[in-house]
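Trainee: Residue numbers (the working numbering), protein chains in the order written: chain V, 2 to 130; chain E, 37 to 384.
Bear in mind the hints are in silico, worked out from the structure with no lab data behind them. There could be a bad hint or two in this list.
[What the hints assert, rightly or not] In silico DSBU-like cross-links for lysine-lysine, where the CA-CA straight-line distance does not exceed 35 Å:
#, chain 1, residue 1, chain 2, residue 2
1, V, 106, E, 375
2, E, 168, V, 106
3, V, 117, E, 375
4, E, 59, E, 275
5, E, 365, E, 288
6, E, 262, E, 244
7, V, 111, E, 365
8, V, 111, E, 53
9, E, 123, V, 106
10, E, 123, E, 365
11, E, 59, E, 244
12, V, 117, E, 59
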Amino acid sequence: MITARYHREIPQRYRLEAGKCSKCGRISFPPRRICPSCKGRVFETLRLEDEGTLLAFTVIRAGSEKFSQQTPYAVGIVELKEGVRLTTQIIDADLGTLEVGQRVKLVFRKVQEDGKAGILCYGYKAITI
Amino acid sequence: MVGIVGYGAYVPRYRIKAEVIAKQWGADPEAITRGLQLYEKTVPGQDEDTITISVEAARNALRRAQINPKEIGAVYIGSESHPYAVKPSATILIDALGIGPDVHVASYEFACKAGTEAMYVAYSHVKSGEMKYALGIGADTSQGAPGDALEYSASAGGAAFIMGSEHVIAEILFTHSYTSDTPDFWRREGEGYPRHGGRFTGDPAYFKHIMGAATALLEKSKLAPKDFKYAVFHMPNGKFPMEVGKRLGFTKEQIETGWLVPWMGNTYSGSSPTGLTAILDVAMPGDLIFMVSFGSGAGSDGFIYRVTDEDLHVHDRAPRTRQMLDNNKIHLNYGEYAKFRRKIKLNE
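For reference, chain E alone in the conformation it holds in the complex:
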């Protein structure tokens, strides 16, 4: 049996409400919150980035797995906001966690699905017998251009998953990836903010790829949506994951547990992975979980998990995701947010 042996999330304490952003740009706050189903989003502290978020999430995963970090043979961090253009984020993480130096590390990029890429490769290493444990992380501190629709959603957070074959808490039963050249969202080298194709990001991109991966996964597994206790999809806003779930035949009740986006925003590479951690926090033995990510450009990674008896023992070894999301919030005004996100041009 191969799957997740430890998981952890990290949610920054700072928040900004969607209505504060809307008022700044003269937009109708109610139209934003109703249309996108976004109420507030996380904001990274001035000293937080993809590396610090990954370290804290991975520390929580280690607390749950209770393994010797030296036995982890690979560490992959998926993000579109790696702090260095040239220097892998995971080199810093392994030294913080006491992993390595006999370890393979890499930084992955694939817009919002870089996290599930990291998880997929980590899982494959263990499944092939190449190593005992491998760590896959999805984390981001993404930026939306001031006044752009993305500014309401681009947030910060991440999740880490240790894959292994002993004391597995969620066995990975099936995977499937679906990819095509679809220019729905991109950022050219040297540009500060991403660009997107507006409504083109919907049907030809998000919906096509998630449904492609999900349909293949259901066919491969010979399972139906009703067989699953939970489902989590990439969450660029509140509306899309509910809509794609409905098109596939999943109910609101199956999606709600991992549907963090109304109060967290879109954590990009950390989006469906943090949703999965919120599900694992409350899952019971035997529960089936359906997960499909989406990354612009574009592609989707799908996973089917079966929760084991081991999961019950690890819930409280580290903070639960909803607990981090609901507590210790510090709300910012737009000026503070602009300062935190370095949107203000200063003298050198």
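Only chain V is shown next, with the shape it has when bound in the complex:
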């Protein structure tokens, strides 16, 4: 059962909520309890912009069991406007046309299913724009 962990991660997976250090301004995504830069412990919640740039990607041709029906698919590192980098699937694209530096937008998609009868897990994935 992945229910508790999934529920805990909803603010980040659904709404891209990051933590901005009140002392030095560093943005952490997902949020941290202690700022890696200044060791500050006070953060404000910041909702990240949903557009960014594709920094790197790879095409998965032999997926794990949960993703085997989606192969081939791309996974990449996206840098959002605020400088935050995250790893996500790149979807709805001709894989042969993907390029580093492309503009992408994060959209709301089903990320995985907990088996045939378990919960459906949603979150962000990237499409090219």
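Since the structure of chain V is already known, use the hints to place chain E on it.
Mentor: Quick look at chain E alone, frame taken from chain V:
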């Protein structure tokens, strides 16, 4: 004044052409495209469902309305393809959009008119003064059985409407609903695909209910078809909405703007609602819009809208519906389509 303060649509990028489906089953492609006036339809991605479509449509509605999501007091999603049998779709949507937790949510079902049910109840809440804003959504990823006539039309998409009383872009002037027990189309619990009554879905169902609601709406409003700039009816195929419009006295020109079905298919609960978004994308202040949905079982919801000056300012705050329909298409072959729609039986 109460009406729509924000609207948004969502159209998946994947498509399958009607001729590809026809060839798969040995049917005559030209007879299908000519008879049903269907050329291609949208297909949901493997990671898309009614919830993801509703979220994207509602995000576009919020971009246009530019309101604080916390002020939305109710969220209703109408669909016949809710991903969960037990768990409301809108619980996920409100957390994705930052609505609530002080919000009333529900999932509605009424075949293809569940979307206008959601819109009707959202509108009624605001009209009664119960809340400042309410969100009504119609979205579907419906299935047609392999080889069935429905396979040419059952598609995916949706539209969302935020109802309110300030900065209204389309005032709702009149509504009317018309309902009866008519078993034209159904799906029993546990069945994978719906069944339908073939030609019985026409005159006793689609035409009777749309004309019933439309006639009452015209009488109530004391307006005539010629008074309207646009009209949109439920679109199970290309032929029916044009035919019902003709019977009521509307012209092809009034219907064409919202007539998305030849290139989108039947988005079920999202059908006439997405057509309405395509109309709002180009409407001008003062335009009157006539809308009647249809849901098998059977019933129709009718609305008359008057576009206000506010509409001009919101068109480009989110993607226009025709823009999503015409661009970034990825066409599938039948094998890919069958895989996407989980029509292939796999080992557990």
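Trainee: Work down the list of hints and note, for each, if the structure agrees.
Mentor: Taking the hints in turn, this is what the structure says about them:
A distance of roughly 26 Å separates the Cα atoms of residue 106/V and residue 375/E; the hinted pair therefore holds under the 35 Å criterion. This hinted pair checks out: residue 168/E and residue 106/V have alpha carbons roughly 31 Å apart, not beyond 35 Å. Between residue 117/V and residue 375/E, the direct Cα distance comes to roughly 16 Å. Compliance with the 35 Å bound is thereby established for this hinted pair. Restraint check: the Cα-Cα separation between residue 59/E and residue 275/E comes to about 21 Å, which is no more than 35 Å; the hinted pair holds.
A threshold of 35 Å between alpha carbons decides the hint, and for residue 365/E with residue 288/E the separation of about 27 Å falls inside it, so the pair holds. Between the alpha carbons of residue 262/E and residue 244/E the distance comes to roughly 21 Å, so the proposed pair stays at or under 35 Å and holds. At roughly 20 Å between alpha-carbon atoms, residue 111/V and residue 365/E fall within 35 Å of each other, so this suggested pair holds. Taking the CA atoms of residue 111/V and residue 53/E, the gap is near 25 Å; set against the 35 Å cutoff, the hint holds.
Between residue 123/E and residue 106/V, the direct Cα distance comes to roughly 29 Å. Compliance with the 35 Å bound is thereby established for this hinted pair. This hinted pair checks out: residue 123/E and residue 365/E have alpha carbons roughly 32 Å apart, not beyond 35 Å. With a C-alpha separation of about 34 Å, the suggested pair residue 59/E and residue 244/E falls inside the 35 Å cut-off, and the hint holds. For the hint pairing residue 117/V with residue 59/E, the CA-to-CA distance comes to about 32 Å; that is within 35 Å, so the pair holds.
Against the hints set out earlier in the document, no violation occurs for any number.
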